[in-house]
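Take the sequences, apply the hints, and build the full model.
Each chain, written out:
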Amino acid sequence: MANTQSMERSGGLGGFPSIKTILALITGVMMLVDLYFIFMVAPTDSVLGHVQRVFYFHVPIAIVSFLAFFVVFISSLGYLIKRTPKWDAVAHASAEVGVVFVTLALLTGIIWARPVWNTWWTWEPRLTTTMILWLIYVAYLMVRSYAPTQSKGAIYAAVVGIIGFVDVPIVYYSVVWWRSIHPSPVVGPFAQADALDGTMALVLLFSLITFLFFFTYMVAERMELRNTEEALGRIRFTLRRRGR
Amino acid sequence: MLDFILLSSHLPSSNLPYLFAAFAVSWVVLFGYLFYVNRRQHEMKKEIARLQNVLDQTPEEE
Numbered sequence: 005m006a007n008t009q010s011m012e013r014s015g016g017l018g019g020f021p022s023i024k025t026i027l028a029l030i031t032g033v034m035m036l037v038d039l040y041f042i043f044m045v046a047p048t049d050s051v052l053g054h055v056q057r058v059f060y061f062h063v064p065i066a067i068v069s070f071l072a073f074f075v076v077f078i079s080s081l082g083y084l085i086k087r088t089p090k091w092d093a094v095a096h097a098s099a100e101v102g103v104v105f106v107t108l109a110l111l112t113g114i115i116w117a118r119p120v121w122n123t124w125w126t127w128e129p130r131l132t133t134t135m136i137l138w139l140i141y142v143a144y145l146m147v148r149s150y151a152p153t154q155s156k157g158a159i160y161a162a163v164v165g166i167i168g169f170v171d172v173p174i175v176y177y178s179v180v181w182w183r184s185i186h187p188s189p190v191v192g193p194f195a196q197a198d199a200l201d202g203t204m205a206l207v208l209l210f211s212l213i214t215f216l217f218f219f220t221y222m223v224a225e226r227m228e229l230r231n232t233e234e235a236l237g238r239i240r241f242t243l244r245r246r247g248r
Numbered sequence: 747m748l749d750f751i752l753l754s755s756h757l758p759s760s761n762l763p764y765l766f767a768a769f770a771v772s773w774v775v776l777f778g779y780l781f782y783v784n785r786r787q788h789e790m791k792k793e794i795a796r797l798q799n800v801l802d803q804t805p806e807e808e
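Protein chains in written order, with my numbering: chain A, 5 to 248; chain B, 747 to 808.
Misleading hints may appear alongside valid ones.
What the hints assert, rightly or not - In the DSS-like style, the derived pairs of lysine-lysine whose C-alpha atoms are separated by at most 27 angstroms in a straight line are:
id : chain 1 : residue 1 : chain 2 : residue 2
1  : B       : Lys-792   : A       : Lys-90
2  : A       : Lys-90    : A       : Lys-156
3  : A       : Lys-90    : B       : Lys-791
4  : A       : Lys-24    : A       : Lys-90
5  : A       : Lys-86    : B       : Lys-791
6  : B       : Lys-792   : A       : Lys-86
7  : A       : Lys-156   : A       : Lys-86
As the list claims (entries may be wrong) - Label pairs and their in silico Cβ distance ranges:
id : chain 1 : residue 1 : chain 2 : residue 2 : range
8  : B       : Met-790   : A       : Ala-151   : 16 to 24 angstroms
9  : B       : Gln-803   : A       : Val-33    : 28 to 36 angstroms
10 : B       : Lys-791   : A       : Lys-90    : 16 to 24 angstroms
To be verified - Chain B is faced by these chain A residues, among others (derived, beta-carbon under 10 angstroms):
id : residue
11 : Leu-39
12 : Leu-52
13 : Gly-53
14 : Val-58
15 : His-62
16 : Phe-105
17 : Leu-111
18 : Val-120
19 : Leu-209
20 : Ile-213
21 : Leu-216
22 : Phe-218
23 : Thr-220
24 : Tyr-221
25 : Leu-243
Everything labelled a hint here was simulated from the structure, so no lab data went into it. Note that the coordinates shown come from a computational prediction; the quantities given were computed from them, not determined experimentally. Just so it is clear, CB atoms sit at the ideal spot from N, CA and C, and this is done for glycine as well.
Here's what the structure looks like:
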């Protein structure tokens, strides 16, 4: 009963909506405003036309995927040092959501590449290293699923999460270190001061904040699912002990 | 005087299907994942409620 009570607690106190619900509402409103900004406020690119507006999804999604794997990195370190389940739960949730985001970064990039580069895919540095990043974190999730025990899966996954994070700066710097067809960074240490029109930069920033909220909400949902999985595991264990 | 022929496939406006596809794929993936998580959550909560009923009817071991 304690487990279901803890789940009910997460539903809010005294009729007030839970933090998760508030987060969902804020994210929903921000996303609507973001779409308005993208389609009604952001100027049309003079060379690429309207298809350039994919930029306002593609870039924030990619940045959020980097952040997700940074969270996995820190949480994995925390778990290996402290061995408390909370660190592992955050790492797991962030990795799964991170895989969703890097998948989207690849898909939106592929779709955008077709009209701009006249190809769906090319084995150039940015795309290749991003594909490697996707494979690393899919492997992270598979290691969890196929480990002999849950605790071993958490340890193995933490190691993958720490070592795999090496690819994140490689993805970012790939367009600087190697000859690449992919555009240079527009945010971060290698972005030029005049890389973006002022309005475009503001819309990009708002889109990034929107996706940060979306990421936080998705991680909160995934962590609640994990809590429910653990509660189910506990109740099944109790029933097995009682011979049912 | 040279006459230039502008190929319609090179007009920026001809790329609108790709713009639509990119946003559509984004929504499908994001909301598809949220739907998947919520559905699993719902199924597990039903299972927990069912097992809790069984547990309440099962005497504790002495």
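Quick rundown of the hints versus the structure:
1. Distance restraint check for Lys-792(B) and Lys-90(A): the Cα-Cα separation of roughly 25 angstroms lies within the 27 angstroms cut-off, and the hinted pair is therefore satisfied.
2. Annotation: proposed proximity of Lys-90(A) to Lys-156(A) holds, straight-line Cα distance about 16 angstroms (limit 27 angstroms).
3. Only pairs whose Cα atoms come within 27 angstroms are accepted, and Lys-90(A) paired with Lys-791(B) is accepted, the gap being roughly 21 angstroms.
4. Taken as a hint, the Lys-24(A) and Lys-90(A) pair is honoured in the structure, with Cα atoms around 18 angstroms apart against an allowance of 27 angstroms.
5. A threshold of 27 angstroms between alpha carbons decides the hint, and for Lys-86(A) with Lys-791(B) the separation of about 30 angstroms lies outside it, so the pair is violated.
6. For the proposed pair Lys-792(B) and Lys-86(A), the alpha carbon gap of about 33 angstroms is over 27 angstroms, so the pair is violated.
7. Pair hint Lys-156(A) plus Lys-86(A) holds up; C-alpha atoms about 15 angstroms apart against a cutoff of 27 angstroms.
8. Between Met-790(B) and Ala-151(A) the beta carbons are some 21 angstroms apart, a value that agrees with the proposed interval 16 to 24 angstroms.
9. Checked against the hint of 28 to 36 angstroms, the C-beta distance between Gln-803(B) and Val-33(A) comes to roughly 46 angstroms, which is inconsistent with it.
10. At roughly 22 angstroms, the beta-carbon separation of Lys-791(B) and Lys-90(A) lies within the given 16 to 24 angstroms, and the hint holds.
11. Given the 10 angstroms rule on beta carbons, the hint for Leu-39(A) holds: about 8 angstroms separates it from the nearest Cβ of chain B.
12. Because the beta carbon of Leu-52(A) sits about 6 angstroms from the nearest beta carbon in chain B, less than 10 angstroms, this interface hint is met.
13. Taking 10 angstroms as the C-beta contact cut-off toward chain B, the hint placing Gly-53(A) at the interface holds, the least distance being around 2 angstroms.
14. The criterion of a C-beta within 10 angstroms of any C-beta in chain B is met by Val-58(A), whose closest approach is roughly 4 angstroms, and the hint holds.
15. Annotation: interface hint on His-62(A) holds; nearest CB of chain B at approximately 7 angstroms, less than 10 angstroms.
16. Because the beta carbon of Phe-105(A) sits about 9 angstroms from the nearest beta carbon in chain B, less than 10 angstroms, this interface hint is met.
17. A distance limit of 10 angstroms between C-beta atoms decides the matter here; for Leu-111(A) the minimum to chain B is near 5 angstroms, and the interface restraint holds.
18. Hint status for Val-120(A) relative to chain B: holds, with the closest Cβ pair at about 8 angstroms, below 10 angstroms.
19. For Leu-209(A), the suggested interface contact is broken, since its CB lies about 18 angstroms from the closest CB of chain B, more than 10 angstroms.
20. Because the beta carbon of Ile-213(A) sits about 16 angstroms from the nearest beta carbon in chain B, more than 10 angstroms, this interface hint is broken.
21. Because the closest C-beta pair between Leu-216(A) and chain B is about 14 angstroms apart, greater than 10 angstroms, the hint is violated.
22. With 10 angstroms as the threshold, the beta carbon of Phe-218(A) comes within range of chain B, its nearest partner Cβ sitting at about 7 angstroms, so the hint holds.
23. Hint status for Thr-220(A) relative to chain B: violated, with the closest Cβ pair at about 13 angstroms, above 10 angstroms.
24. At a threshold of 10 angstroms, the smallest CB-CB gap from Tyr-221(A) to chain B is about 8 angstroms, leaving the interface hint in force.
25. For Leu-243(A), the shortest C-beta to C-beta distance to chain B is roughly 6 angstroms, which falls under 10 angstroms, so the interface hint holds.
In summary, the structure is inconsistent with hints 5, 6, 9, 19, 20, 21 and 23 from the numbered list given earlier, while agreeing with the others.
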